[in-house]
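Engineer: Given next are the chains, with one letter for each unit.
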Amino acid sequence: MKNKIIIVLLVFFLSFCFFVLFKSLESSNIYVPEKKEDRQLAEFVSEDLFTKKKITSSEIFHGSDYYILNIWASWCAPCREEHPQLMELSKNSSIKLIGLNYKDDSKKAKKFLEKLGNPFSIIITDKTGIVSIEFGGYGIPETFLINKDKKIIKTFIGNLSNESVIQINSIAK
Amino acid sequence: MKLSKIFLLLVFMLNFFSISFAEKNDQLTIKISKNLRCIICQGQSIYDSQSEFAVSMKLLINKKIEEGLSEKEIYEFLKDKYGEWIVYDTGFNKNTFILWGLPVLLFFLGGAIILRKLVFRKV
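Protein chains in written order, with my numbering: chain A, 1 to 173; chain B, 1 to 123.
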């Protein structure tokens, strides 16, 4: 009787281990950041890249159906690669493009825009990196699609692809 | 003369309080950053890492403490942005109940086995 209980317990324990290990085979061991979407934007104060004036988030996110916030810097190579996609998105009249210039030199950032074009309606600066964390950013480049209720409805980590542009344009018609 | 002494004493006291306040904030920043996972540099805490993300995160924690947020409120704020994964000390929920419950279960099971053995030995 005692032996039977031990065998049953052992079989139960081994099948539990097998089940856990088998399940973990299916999941990838590469960490993918959890994209927390549909969350409200945090209130913040930043500085305009060109006018150097203080600007609040409620002034920035005002007067449009959709907003795109793109975290970029002149020193970031993938940002250069995704710039044509941002220029393409700037043609969509229902989207207001906001640039968040991340830990960058203002002069270099302006030069970058002079050379490649400026797709943004407003560019705010983030010298310390705090504003990008308030948005829940991981690194750069990163793009957030925000609706008029100031909710992040889509996050694109890494540079924007042509497919991302199509996806954004299909949401923000 | 007396007035200048009082003034000096006041300056000294003000400095003392501001230094001890800043020190308290720094210690809390260190405590919080040790319990936060650096998301872009795996295997390190925010405290250990010198990545751009971690440096900014430490500044943000300090700013939030100065704004008057408690330790728990800061964790909640960051969990809202980055999910449960960001904290090392995870809470009890549907994804972590085995993690928290199994050791307790094993503890009682072990205790029961030991107790049974002892009782049997006495008999």
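Hint data in this document are derived by calculation from the structure and do not stem from the laboratory.
Predicted, not measured: the structure shown is a model, and the values here were computed from it.
Check each hint, because a few of them may be wrong.
[Stated by the list, open to error] Heads up, simulated DSSO-like pairs for lysine-lysine below, C-alpha to C-alpha not over 27 Å straight-line:
| hint | chain 1 | residue 1 | chain 2 | residue 2 |
| --- | --- | --- | --- | --- |
| 1 | A | 52 | B | 64 |
| 2 | A | 151 | A | 108 |
| 3 | B | 34 | B | 24 |
| 4 | B | 31 | A | 127 |
Engineer: State for each hint whether it applies.
Structural biologist: Hints, one by one, checked against the model:
1. A:52 to B:64: Status holds; Cα separation ~24 Å.
2. A:151 to A:108: Measuring from Cα to Cα gives roughly 31 Å; hence the hint is violated.
3. B:34 to B:24: Within the cut-off at roughly 16 Å; holds.
4. B:31 to A:127: Holds. Residue 31 (chain B) to residue 127 (chain A) sits at ~25 Å (cutoff 27 Å).
Of the numbered hints listed earlier, the single one contradicted by the structure is hint 2.
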